[in-house]
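Participant: Listed below, chain by chain, are the residues.
Number of protein chains: 2
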Amino acid sequence: MTGISIHYCSVCGHETQKKVPEGDHRPRDVCDHCQTVHYQNPRVVTGCLPVYQNKILMCKRAIEPRKGYWTLPGGFMELGETMEEGAARETMEEACAHVTIESLYMLFNVVHVGHVSAFFLAKLENPDFAPGEESEEVALFAEDEIPWDQLAFSTIGRTLRHYFEDRQAGLFPMRLEYVTPPEHRD
Amino acid sequence: MTGISIHYCSVCGHETQKKVPEGDHRPRDVCDHCQTVHYQNPRVVTGCLPVYQNKILMCKRAIEPRKGYWTLPGGFMELGETMEEGAARETMEEACAHVTIESLYMLFNVVHVGHVSAFFLAKLENPDFAPGEESEEVALFAEDEIPWDQLAFSTIGRTLRHYFEDRQAGLFPMRLEYVTPPEHRD
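The listed protein sequences derive, respectively, from chains A and B.
Per our numbering, the first sequence starts with residue 1, numbered consecutively.
Per our numbering, the second sequence starts with residue 1001, numbered consecutively.
FYI, nobody ran anything at the bench for these hints, they're computed from the structure.
Treat the hints with care, since some could be wrong.
Stretch by stretch, here's where chain A covers chain B in the computed footprint (C-beta under 8 angstroms, at least three residues) [what the hints assert, rightly or not]:
| no. | segment |
| --- | --- |
| 1 | 1021-1034 |
| 2 | 1077-1090 |
| 3 | 1108-1115 |
Sample of chain A residues lacking proximity to chain B, with all beta carbon distances greater than 10 angstroms (derived) [unchecked claim]:
| no. | residue |
| --- | --- |
| 4 | R66 |
| 5 | H98 |
| 6 | E137 |
| 7 | A169 |
Predicted, not measured: the structure shown is a model, and the values here were computed from it.
Ideal placement from N, C-alpha and C gives every residue a C-beta, glycine not left out.
When you get a sec, could you build the whole thing from the sequences and use the hints?
Facilitator: Written as structure tokens, this is what we have:
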């Protein structure tokens, strides 16, 4: 993951050059006209594991990547919000559901796509939900109903497996894990 | 924090328009020529608290913002690395010091500047360190030597205060906190 090429300067519209800026250590897209350095950095994905009476709220994706596969509600964190606010917003957008965000549960370095993915434990306040624009279907699943072979991303399976294991002990420690390319599909 | 304006499309160089893309909920800079939507998202700052024989390694900033003030080594996470790798890289760049990253310790939502800041507990392997290009000075501080009134950012003070308190109990739980604008200076 080295980022897309920024061919034109977003500030002045001139063509950029790939070079290592003074005092820097890696090539960036630099505008020789207005001197702007165009950095590219990882993005934060924020989502949650919404629990309602021992069941988990999941969304069947209506969009690519992984259209038709099941995921936990989540998406890119926006400017102007916290990770928790982003997770609740994404749940409202994708599942029309109101959640109370509890603790940070999983954090993943998804290096090959340039993401840091965060999942919070959350409480689904009531069983009111419906597919948002990016979902084909939204449903509550008990542990033995999870569509394990139809999960959208490996981060989803890992989060769910940890959750069901931790639930037996009643302890939900935050985990930071690394996702390797072959097993992750977005 | 609503992001800078992207006046020109980085893909094709044409002027962008501010509009809400179809299926989206907020205004973005959109290129009507090639249809690229230019998203802007929070960036991840990753750093560490390097410990050597009960002392903490800190850096006096040689660059703005907060030039001349003391900080823990850290900086923007890059594409192609994990948060832990980024924290170790920044420590090498700013303090010419080799650390072993241990556990994630502090995570801050710094909404007003669009950052998520992560600090890891780290072990400074040996007392070899020196100022990197972005530091005026690098030094080890015992608890009673910390320059509390010369800290660069509120995240640094919070991380250090939690650390010295947690050290008494010998337990270092991960904390997720929110930084409000008036007390944070970057």
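Participant: Find the nearest Cβ of chain B to the Cβ of H98(A) and say whether that gap is larger than 10 angstroms.
Facilitator: The claim holds: H98(A) sits with its nearest Cβ about 16 angstroms from chain B, beyond 10 angstroms.
Participant: Are there at least three residues in the segment 1021-1034 of chain B whose beta carbon sits under 8 angstroms from a beta carbon of chain A?
Facilitator: holds (count 4)
Participant: Would you say E137(A) is clear of chain B, with no C-beta pair closer than or equal to 10 angstroms?
Facilitator: holds, 18 angstroms
Participant: Please confirm whether A169(A) is truly not at the interface, meaning its C-beta sits more than 10 angstroms away from all C-beta atoms of chain B.
Facilitator: Answer for A169(A): holds, closest chain B Cβ roughly 17 angstroms.
Participant: Has the segment 1108-1115 of chain B got at least three residues whose CB is nearer than 8 angstroms to a CB belonging to chain A?
Facilitator: holds (count 3)
Participant: Under 8 angstroms between beta-carbons, do enough residues of the segment 1077-1090 of chain B, three at least, approach chain A for the coverage claim to hold?
Facilitator: It holds, with 8 qualifying residues against the three required.
Participant: Would you say R66(A) is clear of chain B, with no C-beta pair closer than or equal to 10 angstroms?
Facilitator: Holds, since 17 angstroms exceeds 10 angstroms.
This entry satisfies every hint, going by the numbered hints stated previously.
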